[in-house]
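K.L.:
The primary structure of each chain is shown beneath.
Protein chains: 4
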Amino acid sequence: MKITASGDVVLLQSRDHKSFVFVLQPGARLESHRGILLHDDLVGQPWGQQVESHLGKVFTLLRPSTDDLVRHLKRNSQIVYPKDAGYILMKLGIRPGCHVLEAGTGSGGMALILAQAVMPTGRVYSYDSREDMQALARRNLARVGLDGYVDLKLRDVAQGFDETDVDALFFDLPAPWYYLEQAAAALVNGGFWGCILPTTNQVSELLYALQRSPFTMVEVEELILRPYKPVPARLRPQDRIIGHTGFLVFARKLAQE
Amino acid sequence: MKITASGDVVLLQSRDHKSFVFVLQPGARLESHRGILLHDDLVGQPWGQQVESHLGKVFTLLRPSTDDLVRHLKRNSQIVYPKDAGYILMKLGIRPGCHVLEAGTGSGGMALILAQAVMPTGRVYSYDSREDMQALARRNLARVGLDGYVDLKLRDVAQGFDETDVDALFFDLPAPWYYLEQAAAALVNGGFWGCILPTTNQVSELLYALQRSPFTMVEVEELILRPYKPVPARLRPQDRIIGHTGFLVFARKLAQE
Amino acid sequence: MKITASGDVVLLQSRDHKSFVFVLQPGARLESHRGILLHDDLVGQPWGQQVESHLGKVFTLLRPSTDDLVRHLKRNSQIVYPKDAGYILMKLGIRPGCHVLEAGTGSGGMALILAQAVMPTGRVYSYDSREDMQALARRNLARVGLDGYVDLKLRDVAQGFDETDVDALFFDLPAPWYYLEQAAAALVNGGFWGCILPTTNQVSELLYALQRSPFTMVEVEELILRPYKPVPARLRPQDRIIGHTGFLVFARKLAQE
Amino acid sequence: MKITASGDVVLLQSRDHKSFVFVLQPGARLESHRGILLHDDLVGQPWGQQVESHLGKVFTLLRPSTDDLVRHLKRNSQIVYPKDAGYILMKLGIRPGCHVLEAGTGSGGMALILAQAVMPTGRVYSYDSREDMQALARRNLARVGLDGYVDLKLRDVAQGFDETDVDALFFDLPAPWYYLEQAAAALVNGGFWGCILPTTNQVSELLYALQRSPFTMVEVEELILRPYKPVPARLRPQDRIIGHTGFLVFARKLAQE
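Protein chains in written order, with the working numbering: chain E, 1 to 257; chain V, 258 to 514; chain C, 515 to 771; chain P, 772 to 1028.
Here chain E stands alone, though its shape is the one from the complex (with noise of 0.2 Å):
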């Protein structure tokens, strides 16, 4: 039977859908409204068990999927959610062994999804030129395991890119457009160009950009994540949702000697 153990990363999930993602610590204690659990009381026990706060709220303790490390992230910015991370791995052809150049590191939610994708063999190369950003997202990594994948590099990307012949590259910032370029002088021949923003004006102006560039087949597209209330009965879609994160754009980068 597998347990949990000091240094694990944990999700303690309560039945009315309040969670925590923590790493488990010797003397450590979780404190909430929903009461208090040490660490202490919850390593050597089994995942997928149930304990009690000193208050006597149930909580259900997991190993925390993508989507549960990504969305609990202590984070300056806005983060990639999964649902347009996952699509993007599928649509840049991420996979162990890649090399992925990003460039707009944020919180690093999207750099730890590429660490997991890539490792144990492959590499994340994650730009921004903020250092309050780089230190938060290195935190961020650290805290999962994954720092040990992504080089974190603290540059302006107008002044280019250290990588050549990467596998795929994911923008992360507001005017890609000025920066194609040096994603071409990365990127692989026939490599795999990404990128999210949020407004359409973006867009346009993007897609007037790589008319002019080494980019080819463009590809603009928009993920929207409907849930429902999970109640046999009374299956209905939520009434209140996310209405927009943003706009993806795909492209491939043509030969060049």
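Just so you know, not all the hints are guaranteed correct.
Ranges of calculated distance between the beta carbons of each label pair, as one might list FRET restraints [claimed, not checked]: (1) F791/P to P634/C: 27 to 35 Å; (2) D753/C to A956/P: 34 to 42 Å; (3) I1012/P to A689/C: 25 to 33 Å; (4) S790/P to R396/V: 40 to 48 Å.
Worth flagging that the hints you see were computed from the coordinates, not collected in a lab. All residues carry an ideal CB built from backbone N, CA and C; glycine is no exception.
Chain E is already provided as a structure; the job is to place chains V, C and P on it using the hints.
P.N.:
Relative to chain E, chains V, C and P alone:
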């Protein structure tokens, strides 16, 4: 410069959005309404190269993305679309090294995606009761070099699974509610369970069964993919789209002795 | 120049999207966090005028649209949203002069829309078994001067309807499948039948009942309203939206002797 | 019992969802792949009657809904879909007695819906610069007996409108931002202005122009219609749907001297 070699899986994409995925083989040729291309003329070309058919039609020579691979599978059955598959990876915590069980191999599209996500050290066990489907899935996996990561098992799910302690389990079956006991026996405590179903009736039936099962944290979700016409001066959603693929249901297994 | 008069129904809209719908009455005043406005100061103003509260907050003085009227109803129940109501008018062929029966008056929102669409020569018959709801609906209709076009009837639908040969019938009831016989008795041959239901289970139950009924040409549809942030340089869908109101079901009555 | 008469507009709907809308005329016949029906055999039938073609195919004889009428218009142009038109009625406060101006008659579908909503005492003024479109719209309106409520005017919108103090104005034009001054001159103070546009670029351009105009309370919205397969035991959204018709923009005219 990276170039293509015999045995590579390639994507040829025409300017008018017709695409082909195939393995480069000495002496073979690709014939279509857009003209003929000899594989021998493609071998040794740089990735991302534009090539011409004997009719002068231009194609771009690319590595297929996971999305491309799945869309071009030979299939006898409905496939799990990449928009859904990518999100399933996020929700089931699939990563390199995971052991994942699938029930309902179908044409092997989801097995392909799972294999690619857990390789090189993980493993996929995929069950189906139809021999023809498994033969097709085997060919589809072999073509892209992923058959080494998948154990295809010809068996009715009612008879249970050989594996125990798998990290995640995915059901692509018409009546998953009959097999929750078998699922629980195969899954590790706390493990991830997921499922795709086309109709609301099936979702309700499943939700009833999950209430009487050792599964918890049930979620029902749906993803709608909205493609846009990538024209910078006239950006707009596509006129006709796929309106539905399936409902996704996720749950976690509670600890059992 | 058209100006406001005592007795007019007005919409006051602040710049920060707070709005009020009320009847102009001598001596009355509107009080809110944005300050006080005297009705007497509003009477005689041109429509479309910008006026200030005693706190200097600017409001625009307007005739309410049907959408505004319905959104500002006093309500004790879920209303039929204007996006759904407008489409229902199109599907049920509602036009001036029609006789329309409604079962499930609720707060009177749909009765208001129907009354306005069939006036001056048509008529709405609206049934509800709850006296408090009908009293509320009566006040809501009277406030906007439409009570003269609606017969509110306090009765359980199981007991049938007084009317025959009505052009269209709309059900806003939790279990419409029990009352299809009563519906058929009230509707003209070939007449329009419609219904709104929040859950998929109800839709299925209704579809079964419709198969054993004199109704044909059954359609199930749903409308999703996606509002955008109206910022020209940063156009994008709203972040949080209403994800579900109800499923619409439509059918036509076959000829009966 | 209500029966059909010569001159009636009828909908004939086959069991396999093929439908025809036409005017009953002595001596005429309907021919299709599903067989021949003589109008003379249809006259005098009860509404809602099932009739057979000479090939034994069954059709239901019905009054067309507004939705049916618009879907069966003869058209040379994109129409405003009923899902959008119904909502436009709600947002523009269209009701019997209103005077409504439309710019961009097209095939007359929206004029038909507006005419039906404002009759018998209201009026629609519909402008178009193409003679062929207006001729088509005139025939479409006459066929359903609504031409008496619509003034069709052949004119370029740049030259302005004859009317003043109209209650509402609807633009179905590619570049509405050029004609806001003309719109303001025709609309009553506080009046309703609406517009449909297919691309995001047009919406942005319009939003810029509205900022410099006497219009306020600008809203941008979009409606997505999701049809379901009406099968009680296998309820599910349709596989392929219309993904986009147009963006709706609404605004109100501020008071002007």
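K.L.:
Going through the numbered hints above, which ones does this structure break? Give me the numbers in ascending order.
P.N.:
none
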